[in-house]
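Trainee: Based on the sequences and whatever the hints tell you, model everything.
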Amino acid sequence: GVFAHLAALEVQAHQAALKQEELEQQEEKVARLKERVQELRLQRDELRAKVDLQQNRRLGKGGAMSDPVQPSAQAVLERKIKSLKSMLQIFYLTGISGKLTKQGVCFCISTAYEGTYLDSYHVDLVLKPEVRILRHSIPIFIPLEQISKKYLQRDIRRFMSVLFDHLNAYAGRRYQADQLQEHFSDHIEGTLQRNSLCNLLVFKYDVSKNSKTFPFQARLIYGDLCLSLPTEVLVSCTPDAPVSLAEVAAAHSDLFRSMALHKAFRSFSSTEHIMI
Amino acid sequence: MDNSTCQVYEDEIQSLEEEIKLLAEKYEDSQQESTFFSEEEILMSMYAFFSPVGEYQGESKKHESPSDLKAQLESLERDLSFLMKFTAIQFTSHSKETVKKTRNSTVQKHRLLGNCQALSFQLEFQLLEMQNKEKVSAVITDLSIIMEYGEDLDVRKFVSSAEEHGNLLTFFRSLSSFAEWYEHRRLTFLYFK
Numbered sequence: 001g002v003f004a005h006l007a008a009l010e011v012q013a014h015q016a017a018l019k020q021e022e023l024e025q026q027e028e029k030v031a032r033l034k035e036r037v038q039e040l041r042l043q044r045d046e047l048r049a050k051v052d053l054q055q056n057r058r059l060g061k062g063g064a065m066s067d068p069v070q071p072s073a074q075a076v077l078e079r080k081i082k083s084l085k086s087m088l089q090i091f092y093l094t095g096i097s098g099k100l101t102k103q104g105v106c107f108c109i110s111t112a113y114e115g116t117y118l119d120s121y122h123v124d125l126v127l128k129p130e131v132r133i134l135r136h137s138i139p140i141f142i143p144l145e146q147i148s149k150k151y152l153q154r155d156i157r158r159f160m161s162v163l164f165d166h167l168n169a170y171a172g173r174r175y176q177a178d179q180l181q182e183h184f185s186d187h188i189e190g191t192l193q194r195n196s197l198c199n200l201l202v203f204k205y206d207v208s209k210n211s212k213t214f215p216f217q218a219r220l221i222y223g224d225l226c227l228s229l230p231t232e233v234l235v236s237c238t239p240d241a242p243v244s245l246a247e248v249a250a251a252h253s254d255l256f257r258s259m260a261l262h263k264a265f266r267s268f269s270s271t272e273h274i275m276i
Numbered sequence: 001m002d003n004s005t006c007q008v009y010e011d012e013i014q015s016l017e018e019e020i021k022l023l024a025e026k027y028e029d030s031q032q033e034s035t036f037f038s039e040e041e042i043l044m045s046m047y048a049f050f051s052p053v054g055e056y057q058g059e060s061k062k063h064e065s066p067s068d069l070k071a072q073l074e075s076l077e078r079d080l081s082f083l084m085k086f087t088a089i090q091f092t093s094h095s096k097e098t099v100k101k102t103r104n105s106t107v108q109k110h111r112l113l114g115n116c117q118a119l120s121f122q123l124e125f126q127l128l129e130m131q132n133k134e135k136v137s138a139v140i141t142d143l144s145i146i147m148e149y150g151e152d153l154d155v156r157k158f159v160s161s162a163e164e165h166g167n168l169l170t171f172f173r174s175l176s177s178f179a180e181w182y183e184h185r186r187l188t189f190l191y192f193k
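First to last, the sequence lines map onto chains A and B. Take the first sequence: its position 180, counted from the start at 1, is 180 in this note's numbering, and no numbers get skipped. Take the second sequence: its position 183, counted from the start at 1, is 183 in this note's numbering, and no numbers get skipped.
Rather than coming from a laboratory, the hints here were simulated on the basis of the structure. None of these values were measured; they are calculated from a predicted model. Please note: incorrect hints may appear among the correct ones.
Unchecked claim - Here are some, though not all, of the chain A residues that point toward chain B, as calculated from beta-carbon distances under 10 Å:
(1) R36
(2) S83
(3) E114
(4) Y151
Glycine included, each C-beta is placed from N, C-alpha and C at the ideal position.
Mentor: Right, dumping it as structure tokens:
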């Protein structure tokens, strides 16, 4: 009776207290968040004003402005350094960049496929008593010795240019093979076979995805190491494939000769229903 | 009910923090661009720095002594000067603007003016840089190239091809070899005149 009633009241009171505490905590949290929002809004507005002032100044006056607050010598130096570093980074995008060293120059060759930059390589050159390679990160299957024997002594620019062509073409071939493996593995039997130079590719494929049979057999040879398109393409049909596919094989042969490999696959996998 | 209020505030906090980050970056970038101090101005401030009577005004963010900075500046200038001579590519103006920034990627819009021998160019492109563990990857998009072709169809060819495929790298390499060939042809022509 009474005790049970009292117990019930106690529980009620306890629950009410808990709820009250919860409410207070919530309110506190909301208040804190509100304060933070106002703080950030203020910071953001100040920054906006700063940036707007900067833009106005830039549009109002020309290049040489009289800054009311003289920058410190330290700041001037740091800014100039930052701007030079930024400029040197741009050179990286041009394909040939580098840095002077005590004994000569360390060149950096960057490679790319269209807009995507790929690996970069270094060649550290000594200039005296004669030009020679001190160290490098060129892969062993690139004919570096051949190229340096032919050009290094008489024309460093030409040497760099030819080396660049080899490396960039290799990077482009590898990129195409990787793209094919990555995005069209459901059209290919197993894994694409390739050599380290990526100038020999062999694979069996089908035009449709996830098919059980791969009626086409392709063999691509990139005879010119400075190119990322093949010089020789052989697309044949497996002996048990229907005769009608021979025409398709011939068409693909032309396609692979004139277009990047992954793009070629993209083109016929999207038009697979418009086939002969 | 209060939970949704909290969520609203929290969302606003996140968006404000991102906006602040972007604005700060924008401010820094513009600061870069608008700082075209003449050589003389730089030298004067450097002398002020080193003079025993002068006041030290700035606070150093890193522990780099002024002579370290000066040496660094000279080294960078030498490197840049060498590259411009070696590749014949001269950049006359460069500005960049951060368009988007996340924890491990940055998109910046670049505007680059320069010339290679007699050919001048104006480039605009977006550069996406992504940090993946230790590697930084770069992708160029929205490439636009403005060049004066004159009568040269060869130039027009490699420019439109590069622009179409977003191939900034090929553009520069073609430019460099074209300029070399152009110079060679000009000299040969002069010789036979």
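Trainee: Now tell me, hint by hint, if it's right for this structure.
Mentor: Evaluation of the provided hints:
Nearest Cβ of chain B to the Cβ of R36/A: about 6 Å, under the 10 Å cut. The hint holds. At about 6 Å, the closest approach between the beta carbon of S83/A and any beta carbon in chain B falls short of 10 Å, and the interface hint on this residue holds. Evaluation of the E114/A hint against chain B yields a held restraint, the C-beta minimum of about 4 Å falling below 10 Å. Of the supplied interface hints, the one on Y151/A is violated, with its beta-carbon coming no nearer than about 14 Å to a beta-carbon of chain B, more than 10 Å.
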